[in-house]
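Student: Letter by letter, the chains look like this.
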Amino acid sequence: MGTPEDRDVAPDDPALDYAALDGNAIGGLLIEVFGTEMTTATGICGSCGAVSQVAELAVYQPGLGTVVRCRSCDAVLMTFVRIHDVTCVDLQGLASLAE
Amino acid sequence: MEGTAVRGRLTWQTATVGSVTDETPKVRTLVLEVPDWPGHRAGQHVDIRLTADDGYQAERAYSIASAPGEPLALTVERLDDGEVSPYLTEDVQPGDQLEVRGPIGGYFVWEPAFGGPLLLMAGGSGVVPLRSILRRRSSAGSAVPVRMLYSSRSLEDVIYRSELDGLRDAEVIHALTRSQPPGWTGYARRVDAQMLAEVAWPADSKPLAYVCGPTSFVEAVAAGLVGLGYPAVRVRTERFGATGQ
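So the protein lines, in turn, are chains A and B. At position 36 of the first sequence (counting the first as 1) the number is 37 in this note's numbering, and the numbers step up by one without a gap. At position 67 of the second sequence (counting the first as 1) the number is 68 in this note's numbering, and the numbers step up by one without a gap.
Honestly, the hints are just simulated from the structure, not real lab data. Glycine is no exception: its CB is placed at the ideal position from the N, C-alpha and C atoms. Don't take each hint at face value.
Claimed, not checked - Label-pair ranges, simulated between beta-carbon atoms:
1. A:89 with B:14: 17 to 27 Å
2. B:83 with A:97: 33 to 43 Å
3. B:19 with A:86: 28 to 38 Å
Claimed, not checked - Non-contacting residues of chain A with respect to chain B, defined by C-beta distances greater than 12 Å in every case (computed):
4. 21
5. 45
6. 47
7. 48
8. 49
9. 50
10. 65
11. 68
12. 74
13. 75
14. 76
15. 77
16. 94
17. 96
18. 97
Said to hold, decoys possible - Some, not all, of what chain B presents toward chain A, calculated at C-beta under 8 Å:
19. 11
20. 48
21. 62
22. 216
23. 238
24. 239
25. 240
26. 242
Given only the sequences and the hints, what does the whole structure look like? Please build it.
Tutor: Written as structure tokens, this is what we have:
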């Protein structure tokens with residue numbers, strides 16, 4: 002995803018995933034699923050206990066759907082897959098999600 | 002989840018392109034007319050959906066470039082390998098229609114009541130929602146101090162350049178990372194800890210920071226501001242992903 006010269010910052014972490022978005026990018030999907038604005042909701046990771054606003058979680062959008070990961074431990078927190086007009090939602094990675 | 006979630010007001014609407022303006026060789030602003038547009042908050046975005054003749058659909062999120070109260074405007078950067086941006090920046094003409102839903106977002110928003118001092122950190126097209134914030138601040142007559150650090154590859158890539166140059170009560174500091182015009186005395190490198198230390202409001206002034214741009218830019222700047230003593234809750238971030246180069 003680009004050469005070092007294309008980046009706007011001096012890189013110091015080669016493992017950084019430059020393709021990752023954050024919860025802001027799926028704001029519309031979250032309103033669709035939950036019926037309300039969710040980027041300011043607080044999620045607690047079921048694996049490591051990290052507390053985070055949804056807007057700050059790591060979001061990956063592979064061809065099949067959307068995966069939301071904990072920024073502290075990379076555990077999958079939420080998965081959204083759309084099949085025809087149905088969105089399948091898996092929230093099992095979260096210990097809690099609250100507005 | 003049982004049953005059907007209660008739907009908010011977020012439905013797909015048909016928007017008509019009112020005007021297009023080329024900001025830079027790769028960046029274009031589209032003004033959209035949306036019937037019953039409910040208005041928006043500075044920093045929010047909309048989702049755009051395109052449907053091909055064969056039914057294939059592509060959705061993308063674009064930050065709103067205009068301030069609340071102004072017509073809905075989106076500023077889009079053409080990504081060479083993009084699926085949607087080449088269409089929006091090269092093909093779309095006034096009168097064309099797009100599907101739009103929004104406004105979306107409750108985290109990366111600013112209102113005068115939030116106060117400051119404001120530190121706006123823009124990487125490339127990350128300047129778009131920050132420009133909405135600047136316009137909101139101006140139209141509200143807010144006296145909140147604001148400083149922007151805007152990183153671009155070259156002067157030709159600076160979006161809204163004359164508008165930013167014309168701001169009299171806001172300081173905009175440019176970093177040109179790849180090439181600089183003759184006689185350039187400003188920053189000529191990528192954002193780093195030293196630059197942040199020179200530009201950022203001191204932490205004890207209790208600033209509010211908004212960081213937007215490519216993921217690598219946002220990660221480094223946000224970490225750098227926290228390192229300067231900014232509480233993490235006072236550093237709002239919006240990642241645009243890889244630069245697509």
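Student: A separate judgement is required for each hint: does it hold in the structure or not?
Tutor: Against the structure, the hints come out as follows:
{"no.": "1", "hint": "A:89 with B:14: 17 to 27 Å", "verdict": "holds (26 Å)"}
{"no.": "2", "hint": "B:83 with A:97: 33 to 43 Å", "verdict": "holds (37 Å)"}
{"no.": "3", "hint": "B:19 with A:86: 28 to 38 Å", "verdict": "holds (31 Å)"}
{"no.": "4", "hint": "21", "verdict": "violated (6 Å)"}
{"no.": "5", "hint": "45", "verdict": "holds (16 Å)"}
{"no.": "6", "hint": "47", "verdict": "holds (18 Å)"}
{"no.": "7", "hint": "48", "verdict": "holds (20 Å)"}
{"no.": "8", "hint": "49", "verdict": "holds (17 Å)"}
{"no.": "9", "hint": "50", "verdict": "holds (16 Å)"}
{"no.": "10", "hint": "65", "verdict": "holds (15 Å)"}
{"no.": "11", "hint": "68", "verdict": "holds (14 Å)"}
{"no.": "12", "hint": "74", "verdict": "holds (17 Å)"}
{"no.": "13", "hint": "75", "verdict": "holds (15 Å)"}
{"no.": "14", "hint": "76", "verdict": "holds (19 Å)"}
{"no.": "15", "hint": "77", "verdict": "holds (18 Å)"}
{"no.": "16", "hint": "94", "verdict": "holds (16 Å)"}
{"no.": "17", "hint": "96", "verdict": "holds (18 Å)"}
{"no.": "18", "hint": "97", "verdict": "holds (15 Å)"}
{"no.": "19", "hint": "11", "verdict": "holds (5 Å)"}
{"no.": "20", "hint": "48", "verdict": "holds (4 Å)"}
{"no.": "21", "hint": "62", "verdict": "holds (5 Å)"}
{"no.": "22", "hint": "216", "verdict": "holds (5 Å)"}
{"no.": "23", "hint": "238", "verdict": "holds (6 Å)"}
{"no.": "24", "hint": "239", "verdict": "holds (5 Å)"}
{"no.": "25", "hint": "240", "verdict": "holds (5 Å)"}
{"no.": "26", "hint": "242", "verdict": "holds (5 Å)"}
The structure fails hint 4 only (numbered hints given earlier).
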